[in-house]
Amino acid sequence: MKYLYQTNKWLIIINTILFLSPYIGLLFLILLGTIQVIMALISIPKFPKLDKNGKIKFIIYLVLTTIILTTLFTKGSWNNSVGKICVISSILLAFLHLNITYLLSKSEKQ
292 MKYLYQTNKW LIIINTILFL SPYIGLLFLI LLGTIQVIMA LISIPKFPKL DKNGKIKFII
352 YLVLTTIILT TLFTKGSWNN SVGKICVISS ILLAFLHLNI TYLLSKSEKQ
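Going by the working numbering, the sequence shown opens with residue 292, and the numbers climb by one from there.
Don't read these hints as lab results, they were simulated from the structure.
Errors might be hidden in some of the hints.
Stated by the list, open to error - When the alpha-carbon atoms are kept at most 25 angstroms apart in a straight line, the in silico DSS-like pairs for lysine-lysine are as follows:
| no. | residue 1 | residue 2 |
| --- | --- | --- |
| 1 | K348 | K400 |
| 2 | K346 | K293 |
| 3 | K348 | K293 |
| 4 | K400 | K337 |
| 5 | K397 | K300 |
| 6 | K400 | K293 |
| 7 | K375 | K397 |
| 8 | K400 | K300 |
| 9 | K375 | K300 |
| 10 | K340 | K375 |
| 11 | K337 | K348 |
| 12 | K343 | K375 |
| 13 | K346 | K300 |
| 14 | K375 | K293 |
| 15 | K397 | K343 |
| 16 | K400 | K343 |
| 17 | K337 | K375 |
| 18 | K340 | K293 |
| 19 | K300 | K337 |
| 20 | K300 | K340 |
| 21 | K397 | K340 |
| 22 | K397 | K348 |
Stated by the list, open to error - Simulated DEER-style distance windows between Cβ atoms:
| no. | residue 1 | residue 2 | range |
| --- | --- | --- | --- |
| 23 | K300 | I347 | 16 to 24 angstroms |
| 24 | W301 | T362 | 39 to 47 angstroms |
| 25 | T357 | P336 | 29 to 37 angstroms |
| 26 | L360 | I308 | 37 to 45 angstroms |
| 27 | S380 | N344 | 30 to 38 angstroms |
| 28 | K400 | L318 | 28 to 36 angstroms |
| 29 | T298 | L318 | 14 to 22 angstroms |
| 30 | I304 | I379 | 16 to 24 angstroms |
| 31 | I333 | K400 | 28 to 36 angstroms |
What you are looking at is a predicted structure, and each value in this text was computed from that prediction instead of being measured.
All residues carry an ideal CB built from backbone N, CA and C; glycine is no exception.
Taking the hints into account, I'd like the entire structure generated from these sequences.
Rendered as structure tokens:
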């Protein structure tokens, strides 16, 4: 889990830098989201090791990610407010996932 956290941290740092050019940052956000969903699937077996707060965050992440992906695939358009809300939510979810991977790496040390 330590490697997931380190990878996640560096991907978010790179994405933050790439947002200096919004279009490149948005394109990288798609890659970041894909990698984070894969990381979340890898992290599911470690779910019981999380404390109560971490479990709640993990469930919130999975539910919101499912809602955003469903919305983008059914109604999503980058030209309307739904697309903009999904982008902002994706950025916030990226930081939530960073916190979850941090909690997982911390629980692994104990």
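Hints, verified against the model:
1. K348 x K400: holds, 20 angstroms
2. K346 x K293: holds, 18 angstroms
3. K348 x K293: holds, 18 angstroms
4. K400 x K337: At roughly 13 angstroms apart (the allowed maximum being 25 angstroms), K337 and K400 satisfy the hint.
5. K397 x K300: holds, 14 angstroms
6. K400 x K293: holds, 9 angstroms
7. K375 x K397: Violated - the C-alpha atoms of K397 and K375 are around 34 angstroms apart, more than 25 angstroms.
8. K400 x K300: holds, 18 angstroms
9. K375 x K300: holds, 24 angstroms
10. K340 x K375: violated, 35 angstroms
11. K337 x K348: holds, 14 angstroms
12. K343 x K375: violated, 32 angstroms
13. K346 x K300: Holds: K346 and K300 sit about 20 angstroms apart, inside 25 angstroms.
14. K375 x K293: violated, 32 angstroms
15. K397 x K343: holds, 14 angstroms
16. K400 x K343: holds, 17 angstroms
17. K337 x K375: At roughly 33 angstroms apart (the allowed maximum being 25 angstroms), K375 and K337 break the hint.
18. K340 x K293: Judged against 25 angstroms, a Cα distance of about 14 angstroms means the pair holds.
19. K300 x K337: holds, 19 angstroms
20. K300 x K340: holds, 21 angstroms
21. K397 x K340: holds, 10 angstroms
22. K397 x K348: Satisfied, since the Cα-Cα distance of roughly 15 angstroms is no more than 25 angstroms.
23. K300 x I347: 16 to 24 angstroms: holds, 22 angstroms
24. W301 x T362: 39 to 47 angstroms: violated, 28 angstroms
25. T357 x P336: 29 to 37 angstroms: This hint is violated: roughly 19 angstroms between Cβ atoms.
26. L360 x I308: 37 to 45 angstroms: Given range 37 to 45 angstroms: violated, Cβ gap about 25 angstroms.
27. S380 x N344: 30 to 38 angstroms: Since S380 and N344 have Cβ atoms about 21 angstroms apart, the given range 30 to 38 angstroms is violated.
28. K400 x L318: 28 to 36 angstroms: With Cβ atoms ~35 angstroms apart, the hint holds.
29. T298 x L318: 14 to 22 angstroms: holds, 19 angstroms
30. I304 x I379: 16 to 24 angstroms: The hint (16 to 24 angstroms, Cβ to Cβ) holds, given that I304 and I379 are roughly 19 angstroms apart.
31. I333 x K400: 28 to 36 angstroms: violated, 18 angstroms
Hints 7, 10, 12, 14, 17, 24, 25, 26, 27, 31 from the list above are not met by this structure, while the remaining hints are.
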